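**Q** Sequence:
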Amino acid sequence: TLLTLVGKAEPWPCGVWCSNPGVTFVPDGETKGQFLAKIAPDARPGPCLVRLHNPDGASEPRFLTIGTLKEVAEDEKADNDNPAGGQKLEGLPVTLNGRLEKSQDVDCYTVMLNAEQSFFVHCDSYALRAGTDPFLHLYGPDGSRLLLENDNPRNLDPRLRFKATQSGIHTLAIMAIASPPNANVSFHGAANAVYRLTLATNESALPARYSPEIPGEDTPEAPDSKPPLDVMGTLSKPGETDRHRFSATKGQTLRLRAEATTHGFPTDPVMNLRKSEDDSVIRSVDDGTRDQPAAEYVWKVPADGLYVAEIEDRFHRGGSDFRYRLTIAEPEPDFSATADKNAYVIDPGKAAEIKLKVTRENGHDAPLELKIDGLPEGVTAEPPEIPAKTADVTVKLSGAADARAASVPIRVRVVEKTGGEEPRNRVAAFSFQDSNARGPYLIDEIADLWLTVKAKPPDKKSKDEAKKE
Numbered sequence: 356t357l358l359t360l361v362g363k364a365e366p367w368p369c370g371v372w373c374s375n376p377g378v379t380f381v382p383d384g385e386t387k388g389q390f391l392a393k394i395a396p397d398a399r400p401g402p403c404l405v406r407l408h409n410p411d412g413a414s415e416p417r418f419l420t421i422g423t424l425k426e427v428a429e430d431e432k433a434d435n436d437n438p439a440g441g442q443k444l445e446g447l448p449v450t451l452n453g454r455l456e457k458s459q460d461v462d463c464y465t466v467m468l469n470a471e472q473s474f475f476v477h478c479d480s481y482a483l484r485a486g487t488d489p490f491l492h493l494y495g496p497d498g499s500r501l502l503l504e505n506d507n508p509r510n511l512d513p514r515l516r517f518k519a520t521q522s523g524i525h526t527l528a529i530m531a532i533a534s535p536p537n538a539n540v541s542f543h544g545a546a547n548a549v550y551r552l553t554l555a556t557n558e559s560a561l562p563a564r565y566s567p568e569i570p571g572e573d574t575p576e577a578p579d580s581k582p583p584l585d586v587m588g589t590l591s592k593p594g595e596t597d598r599h600r601f602s603a604t605k606g607q608t609l610r611l612r613a614e615a616t617t618h619g620f621p622t623d624p625v626m627n628l629r630k631s632e633d634d635s636v637i638r639s640v641d642d643g644t645r646d647q648p649a650a651e652y653v654w655k656v657p658a659d660g661l662y663v664a665e666i667e668d669r670f671h672r673g674g675s676d677f678r679y680r681l682t683i684a685e686p687e688p689d690f691s692a693t694a695d696k697n698a699y700v701i702d703p704g705k706a707a708e709i710k711l712k713v714t715r716e717n718g719h720d721a722p723l724e725l726k727i728d729g730l731p732e733g734v735t736a737e738p739p740e741i742p743a744k745t746a747d748v749t750v751k752l753s754g755a756a757d758a759r760a761a762s763v764p765i766r767v768r769v770v771e772k773t774g775g776e777e778p779r780n781r782v783a784a785f786s787f788q789d790s791n792a793r794g795p796y797l798i799d800e801i802a803d804l805w806l807t808v809k810a811k812p813p814d815k816k817s818k819d820e821a822k823k824e
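In my numbering, the protein residues as written are 356 to 824.
To be clear, the hints were calculated from the coordinates, so they are not data collected in a lab.
There's no promise every hint is true.
What the hints assert, rightly or not - The calculated EDC-like cross-link candidates involving lysine to aspartate or glutamate, where the alpha carbons are at most 16 Å apart (straight line), are:
#1 Lys457 <-> Asp436
#2 Lys443 <-> Glu431
#3 Lys726 <-> Asp803
#4 Lys811 <-> Glu732
#5 Lys726 <-> Glu737
#6 Lys605 <-> Glu685
Treat the numbers as computed from the prediction; the structure is a model and nothing was measured.
Construct the entire structure; sequences and hints are all you get.
**A** This is the structure we're talking about:
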């Protein structure tokens with residue numbers, strides 16, 4: 356597969372790193388900015404991360420998706436800006452790769468559908484970190500608009516499901532506004548405003564990652580259950596409320612969590628915790644946080660007895676798709692770490708700092724230490740002491756004056772100090788999720804941080820000798 360880079364890649368050729376070991380890149384020796392991507396037959400399908408690097412540093416990670424369906428590209432020479440000139444697509448299922456490259460850009464594609472035939476379209480654009488909030492429009496054979504889709508339960512990318520009422524050519528149009536939004540109310544277009552449309556007439560032909568992550572069928576009702584509980588349920592009718600009774604012991608600490616969008620369901624769960632004896636409400640919980648829209652409550656049980664976890668949809672919706680998962684269990688002590696950046700540079704004889712946030716959860720207080728994998732020769736680390744509570748810590752990486760130039764991935768691990776037991780460890784990752792995020796991307800974080808050690812510049816004597824030559 357021939358790939359063309361958008362942006363600068365100086366000097367050429369540059370190095371390429373990919374998180375999928377089954378993918379390699381060979382720079383084109385004649386055309387600057389082009390690579391031949393070689394995908395091994397056993398390469399893992401799905402999204403991966405790619406970054407360019409040279410002696411001065413590394414690029415931001417970008418997405419590459421290894422598909423399982425036939426792939427086609429937008430015909431950039433075609434006049435597909437309006438439904439009358441849509442690019443013809445045949446041989447579904449297929450994945451289409453395109454770009455909204457200019458302001459007010461609209462891309463149109465045509466497909467032949469028979470009456471009663473189903474049609475499924477899944478868009479990835481926001482999830483590619485393309486800076487878009489896309490829309491899908493579907494037009495019938497007579498040109499009338501039949502359907503408009505925008506967000507899906509998890510993020511800003513639309514999903515379209517349709518059953519044709521008549522045979523004929525149907526037109527699919529994609530356009531987008533900017534994400535994050537700006538004062539410009541026109542349709543957005545840019546060099547990085549890429550998208551992938553997966554089209555099929557059979558839902559089972561879609562890649563598995565486009566289907567809800569179903570943990571299982573609905574859990575049979577079991578009154579007076581004891582935690583830990585893991586319950587699947589469905590709000591099958593509008594306005595329905597499900598009640599789950601359980602017993603708890605005084606002094607227990609329990610975490611009750613009702614989630615849906617994390618599994619791809621449209622349900623917006625509201626959880627009411629009640630006393631079973633008089634049905635009085637102990638606590639009513641809606642969304643946890645913007646990043647985690649599950650209803651969650653950590654609760655210290657005040658007395659032995661029976662209690663009820665009541666689940667309903669915030670907007671009183673219902674149907675076969677309105678599923679949820681309820682878990683009730685004692686929270687397990689745990690820890691995690693995040694990095695402030697995804698790439699670091701060390702100048703000759705100098706140092707760089709990796710700033711980490713080490714988060715302890717649910718009373719975790721075991722001693723922790725830092726370990727770094729992949730440091731190049733001539734670079735040493737000074738791991739700090741990690742406090743017993745959530746804290747910010749700094750790792751200093753020092754480069755020797757004569758350290759060799761290097762451009763490598765490294766991993767920073769936070770490891771429990773245990774007395775003989777297998778220690779738990781967490782890799783410090785940089786998160787792509789920030790205040791502008793509106794749901795998950797194809798990949799939300801990168802654990803392979805990049806370290807560039809710059810070469811020592813030639814001394815003055817060497818420069819003078821080079822000039823004489």
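**Q** Quickly compare the C-alpha distance for Lys457 and Asp436 to 16 Å and report which way the hint goes.
**A** 11 Å, holds
**Q** Sort out whether Glu732 lies within 16 Å of Lys811, counting only the CA atoms.
**A** 14 Å, holds
**Q** Need the status of pair Lys605, Glu685: alpha-carbon distance at most 16 Å?
**A** 13 Å, holds
**Q** Checking one constraint from the list: CA of Lys443 to CA of Glu431, max 16 Å. Satisfied?
**A** Given that 16 Å is the threshold and the Cα spacing comes to 13 Å, the pair holds.
**Q** Taking 16 Å as the top limit, are the C-alpha atoms of Lys726 and Asp803 close enough?
**A** Satisfied, since the Cα-Cα distance of roughly 14 Å is no more than 16 Å.
**Q** Given the hint that Lys726 pairs with Glu737, does the C-alpha gap stay at or below 16 Å?
**A** 10 Å, holds
No hint from the list above goes unmet by this structure.
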